[in-house]
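> Sequence:
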Amino acid sequence: MIVSGFKPRDHILNRLIDVYCKSSNFSYAHQLFDQIPKPDIVARTTLITAYSAIGNLTLARKIFNETPLSMRDTVCYNAMITGYSRNNDGYASIRLFCEMRQGGFRPNDFTYTTVLSGVAQIVDAEKQCQQLHCAVVKSGTGFATSVWNALLSVYVRCASSPLVSSSSLMGEARNLFNEMPERDELSWTTMITGYIRNEDLHAARELLDGMDERMEVVWNAMISGYAHHNSFQEALLLFRKMRTEAKPTVDFSLSVNNTLLTLYYKCGKLDEARYIFNNMPVKDLVSWNAILSGYVSAGRIQEAKSFFKEMPERSILTWTVMISGLAQNGLGEEAMTLFNQMRSEGFEPCDYAFSGAITSCAALGALEHGRQLHAQLISLGFDSSLSAANALITMYARCGVFKDANSVFLTMPCIDSVSWNAMIAALAQHGHGVQAIDLFEQMLKADILPDRITFLIILSACSHAGLVKEGRHYFSSMRVCYGISPDEGHYARMIDLLCRCGEFTEAKGLIESMPFEPGGPIWEALLAGCRTHGNMDLGIQAAERLFELVPQHDGTYILLSNLYAAIGRWDDVAKVRKLMRDRGVKKEPGCSWIDVENMVHVFLVGDTEHPEVQAVYKYLEQLGLEMRKLGYLPDTKFVLHDMESEHKEYSLSTHSEKLAVAFGLMKLPLGATIRVFKNLRSCGDCHTAIKFMSRVVGRDIIVRDAKRFHHFRNGECSCGNYW
DNA sequence: ATAGGGTTAG
Numbered sequence: 001m002i003v004s005g006f007k008p009r010d011h012i013l014n015r016l017i018d019v020y021c022k023s024s025n026f027s028y029a030h031q032l033f034d035q036i037p038k039p040d041i042v043a044r045t046t047l048i049t050a051y052s053a054i055g056n057l058t059l060a061r062k063i064f065n066e067t068p069l070s071m072r073d074t075v076c077y078n079a080m081i082t083g084y085s086r087n088n089d090g091y092a093s094i095r096l097f098c099e100m101r102q103g104g105f106r107p108n109d110f111t112y113t114t115v116l117s118g119v120a121q122i123v124d125a126e127k128q129c130q131q132l133h134c135a136v137v138k139s140g141t142g143f144a145t146s147v148w149n150a151l152l153s154v155y156v157r158c159a160s161s162p163l164v165s166s167s168s169l170m171g172e173a174r175n176l177f178n179e180m181p182e183r184d185e186l187s188w189t190t191m192i193t194g195y196i197r198n199e200d201l202h203a204a205r206e207l208l209d210g211m212d213e214r215m216e217v218v219w220n221a222m223i224s225g226y227a228h229h230n231s232f233q234e235a236l237l238l239f240r241k242m243r244t245e246a247k248p249t250v251d252f253s254l255s256v257n258n259t260l261l262t263l264y265y266k267c268g269k270l271d272e273a274r275y276i277f278n279n280m281p282v283k284d285l286v287s288w289n290a291i292l293s294g295y296v297s298a299g300r301i302q303e304a305k306s307f308f309k310e311m312p313e314r315s316i317l318t319w320t321v322m323i324s325g326l327a328q329n330g331l332g333e334e335a336m337t338l339f340n341q342m343r344s345e346g347f348e349p350c351d352y353a354f355s356g357a358i359t360s361c362a363a364l365g366a367l368e369h370g371r372q373l374h375a376q377l378i379s380l381g382f383d384s385s386l387s388a389a390n391a392l393i394t395m396y397a398r399c400g401v402f403k404d405a406n407s408v409f410l411t412m413p414c415i416d417s418v419s420w421n422a423m424i425a426a427l428a429q430h431g432h433g434v435q436a437i438d439l440f441e442q443m444l445k446a447d448i449l450p451d452r453i454t455f456l457i458i459l460s461a462c463s464h465a466g467l468v469k470e471g472r473h474y475f476s477s478m479r480v481c482y483g484i485s486p487d488e489g490h491y492a493r494m495i496d497l498l499c500r501c502g503e504f505t506e507a508k509g510l511i512e513s514m515p516f517e518p519g520g521p522i523w524e525a526l527l528a529g530c531r532t533h534g535n536m537d538l539g540i541q542a543a544e545r546l547f548e549l550v551p552q553h554d555g556t557y558i559l560l561s562n563l564y565a566a567i568g569r570w571d572d573v574a575k576v577r578k579l580m581r582d583r584g585v586k587k588e589p590g591c592s593w594i595d596v597e598n599m600v601h602v603f604l605v606g607d608t609e610h611p612e613v614q615a616v617y618k619y620l621e622q623l624g625l626e627m628r629k630l631g632y633l634p635d636t637k638f639v640l641h642d643m644e645s646e647h648k649e650y651s652l653s654t655h656s657e658k659l660a661v662a663f664g665l666m667k668l669p670l671g672a673t674i675r676v677f678k679n680l681r682s683c684g685d686c687h688t689a690i691k692f693m694s695r696v697v698g699r700d701i702i703v704r705d706a707k708r709f710h711h712f713r714n715g716e717c718s719c720g721n722y723w
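full-length UniProt numbering puts the first residue of the first sequence at 1, with every later residue one more than the last.
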């Protein structure tokens, strides 16, 4: 029986669009869409959302434009605006928002929240923010606190941005805070952390003390603020006060708790986040995903793995987080397995999931498989995705095919600072320091703001190219021109650069001028410079500090004993060796390869007949390594040694060029197998080296590890399809 | 049907 005027078939077809989009079958969804005589607004909105989610704004906008004005509604505008916001196009988002209001459509909570999240990314955010503020105020008082919170958070974010003068903006934020119809725990937290981020602990504390209700979350924000500014005394006092006075967190609503979880893990307070999670009366997938992301971003990958197993349900996002987490922590194989498992369980990977899989190819140096994924991306229509393209650039660069990295970069529909960073890093990794700096200058000309990662890359590039003057210039410009204060990584690279050029006095001065205590990376950089310049006294100072700071790192023992040996302090060598044996430091294939390399260094600079050196020989023999010097370059003191010759195995270190030359000297026997140590930080680097070698040596090289072969011939690599 | 959870660069 059919009621007249109602067409069940059309209705079902419209709903089917949603089903196809949910299972990522966009091309089916679109085909079906084209066949429906009059697609309804829900079907249109679904498709707009789906295309925005995969970064295809062109198609999203096409469907939006084809929707007659009489049919459009607020939700449909919201979906399109969200598309722009999520794809970092704040201006387009605002433009459409204005159009929407001119067309007489009434923005709602979602509209304001999503426009605001787009606004935070643009340069004149301050002005836009004020206009939105007016719009919210004029529209009456009917908006949820979440909209006011979003507005507040944009003010605060702009205030901490180097682009605008912060003093007035924090004042504006405070005015907004005061005039909000209602304030919830999030409003208080945002305002207080805003003050803390702008280094105004007094204002933050005053606000906290003026609170009527005593909410634990807000107190916690203040405590973290104190801790972050090293005011541990105040932090502790406040903590004690909170135990007796504040209201606990656990009875907040689901969405507030979810926001809190995220807030906590993003400030590195993962265990607090987990505590809230454990005590939440109701949890949903968002809560689980937030904690999983917490474990992954903290690098606590074992915990992440077991948490993932425990999860009652999973979404594409869950899989994506886990896959990229594994890939980033050097577990490329597991990441690939999981990627396949995801597909076999019926999830069609989104572009982010592809990014994770591509990252694991980069880590494994699996170029052929990476190319296959690239092809799949194109056929699925994901090739316009920013994150996938950025991952591709890195993958091609790490696998040594700079050409392909470059062509991805050049054909991308839009690029961001990550793309630039990836390209600059690709050049720097290939030893083209000067070109890397050229590209960096181009980036500045294109008005893309450099970030802390950009400067890490640029300082390394200067260091590799020996460009001290430029390095000094960029190092000082990062604070002066871009408001980025150098962190330990930046200082370490700067010290590395200075030491490579023998500027030890300046390096020491820089260490003394640092606003924090020097840690491992600083001493390591100094030590490395001392080794190349034979500055033994300073080197030993650095090594001793390193030894105090990171006694758990096997390499440190060897470095220190190595240096003592070099200047003949054999008693000290013996002491370190004893400590090493007591701690049970073992030399297994899973250990850092650099350790063995450093041991060999002892033979070169020290007295090979000395009992301690003999002991090292014995130590290595115990582990089944029959060490033999094959030849080294006098200028770099690089040594290459083979493993037991009957196994015909050769070990690789990551020093590409040295390695290539050394292999050239060494005359590989036919059919030799090269063993790649799994713990090498970047196997891609190794692949570059071997490729180079296969060209220099003019012979095929096969690299084998537990699961696959890579075949190198005349500078190219092919690998078996194991997945 | 729209939000909250993710991705890529050292």
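Worth flagging that the hints you see were computed from the coordinates, not collected in a lab. Just so you know, not all the hints are guaranteed correct.
[Said to hold, decoys possible] Below, simulated DSS-like cross-link-like pairs (lysine-lysine); rule was C-alpha separation at most 30 angstroms, straight line:
| no. | residue 1 | residue 2 |
| --- | --- | --- |
| 1 | 283 | 22 |
| 2 | 403 | 127 |
| 3 | 269 | 283 |
| 4 | 269 | 305 |
| 5 | 22 | 62 |
| 6 | 127 | 266 |
| 7 | 508 | 445 |
| 8 | 309 | 283 |
| 9 | 266 | 241 |
| 10 | 266 | 283 |
| 11 | 241 | 269 |
| 12 | 22 | 305 |
| 13 | 309 | 22 |
| 14 | 403 | 445 |
| 15 | 22 | 266 |
| 16 | 38 | 62 |
| 17 | 309 | 241 |
> Hint by hint, work out which the structure violates, then give me just those numbers in ascending order.
2, 7, 17
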